[in-house]
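This is what each chain is made of:
4 protein chains.
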Amino acid sequence: MTDLTLAAARTIVEKALAHAHAAKFKPLGVVVVDARGLVRAAEVEDGSAFLRFDIAHGKAFGCVSVGVGGRTLQKFATERPHFTTALGGLTRDRMTPVPGGVLIRDQAGALVGAVGISGDTSDNDELAAIAGIEAAGFKADTGA
Amino acid sequence: MTDLTLAAARTIVEKALAHAHAAKFKPLGVVVVDARGLVRAAEVEDGSAFLRFDIAHGKAFGCVSVGVGGRTLQKFATERPHFTTALGGLTRDRMTPVPGGVLIRDQAGALVGAVGISGDTSDNDELAAIAGIEAAGFKADTGA
Amino acid sequence: MTDLTLAAARTIVEKALAHAHAAKFKPLGVVVVDARGLVRAAEVEDGSAFLRFDIAHGKAFGCVSVGVGGRTLQKFATERPHFTTALGGLTRDRMTPVPGGVLIRDQAGALVGAVGISGDTSDNDELAAIAGIEAAGFKADTGA
Amino acid sequence: MTDLTLAAARTIVEKALAHAHAAKFKPLGVVVVDARGLVRAAEVEDGSAFLRFDIAHGKAFGCVSVGVGGRTLQKFATERPHFTTALGGLTRDRMTPVPGGVLIRDQAGALVGAVGISGDTSDNDELAAIAGIEAAGFKADTGA
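Protein chains in written order, with full-length UniProt numbering: chain A, 1 to 144; chain B, 1 to 144; chain C, 1 to 144; chain D, 1 to 144.
It is possible that some hints are incorrect.
Same chains, same label: a pair holds when it works inside one copy or across any pair of copies.
Here are the simulated DSSO-like cross-link-like pairs (lysine-lysine), alpha carbons at most 27 Å apart as the crow flies [claimed, not checked]:
id, residue 1, residue 2
1, Lys26, Lys75
2, Lys139, Lys26
3, Lys139, Lys15
Simulated from the structure, these hints should not be mistaken for lab results.
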């Protein structure tokens, strides 16, 4: 377990949004949590629906709590929906098991935290998350 | 209801933390929500306990959900604790009824959102929130 | 209802982990509850995600609360998902209805408690639970 | 934030119970969580009521989530009960704000986790927690 600094979390948010703007994505919500599930930095763009933060948060929190990327959570959901329902309850309804939740790992592979992004397609949300994580010098684990 | 832009929310976070650093406060969590209760910007400083975001969020969310500042919520709590207990349930346990939650109002008095800060004393948390709100060109309503 | 001693619960944890280490399983969380659902012994290995205890606990607690092994809970979930959803609510979201939750029975078949293990595949989790239960002189009821 | 190993968590449980037995305390529940709030080791002695684990867990989880020892949580509760009620909700009712919850710090003061003990008087519960923490080479922070 590696500490995530606020400075690094800020860089991830900034670079994820820069990627989204360059690619002309829809308005996004971006949430960065550390290995404890604590929100360290978050921004939600103008024009977002009022659940946007919670959806993005659930992607990040779900990934870091189970220790897998959002694509693995989605695979669980399609293969064993009752397990995913249970995980939803165990996280006190704070899990969004779809792509766009991406684990942050250091170069040695240790867990640092997770990013959750929501607002465009799940695939595009994930691309923005990867861009932010890599720009901050970490490795992105999407669960693919 | 006046729109809160992400740009304004960022300024509030930045200036609240600048005030805290100048005054040598402890590490803070800062959460800015708009008039719908949506988190627009948040940062939690290094060295924070893992409930810090939730405590700060509960200050902001509680204020904007009831439409009063944190000092009014605390007054409710001491004068009519059963009402505060009910408000806690009605917000699904997302209310922290103490100072450090401050409403953001525009110069005409319209509700724009709220800031919640946690980490130092409640009085100092509130001072940082006021500094951020005013630096962004809004009026701070502490409920005092 | 037969009493489960702490000494027996410790043996179950120790022998389940010994089996897992010999079989080179991933890091596990192991939770032993008695017939009342009370946690009597638990250990979570280094390198575990932070929901690991809750997932393992939900396997043990779910089994002992309904009185069936994890494979039966999973069968319920696939055949009558609405019943499983109800059980999730009735246990206050403390049920993980998949294999790896195994009832502990004495040699006469009386209920003694349950073991929940999580971290590797559900099948491997279950093998470790059986190993622990049998090493402590009890019979394992997986619900198969 | 320093990692807590299972080996260290086991030592804390063992030495806390050794202290309790030497001092002839009543049957105890002992729960050790890491800096993320994850249960790493727990034991509940024979003759315990069925809420014993949850009470002990709430002491440990409450301390580590807020970042203060149990005596500070108790002080919050007597001075500002509405704040404590809010913390209860924010932790999803997983906080027991009384002595017997003790932070584990390394020799440099960094947060490693927390111990929660319940079963005898709160003062005696706390003594057992301190004994376990110190025997494992850490510093105990009771919040006094």
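Here is what the structure says about each hint:
1. Lys26 <-> Lys75: both (26 Å within a copy, 20 Å between copies)
2. Lys139 <-> Lys26: For Lys139 and Lys26, both the intra-copy (25 Å) and inter-copy (22 Å) Cα distances are at most 27 Å.
3. Lys139 <-> Lys15: Close inside one copy (14 Å), not across copies (31 Å); limit 27 Å.
The structure meets every hint from the earlier list without exception.
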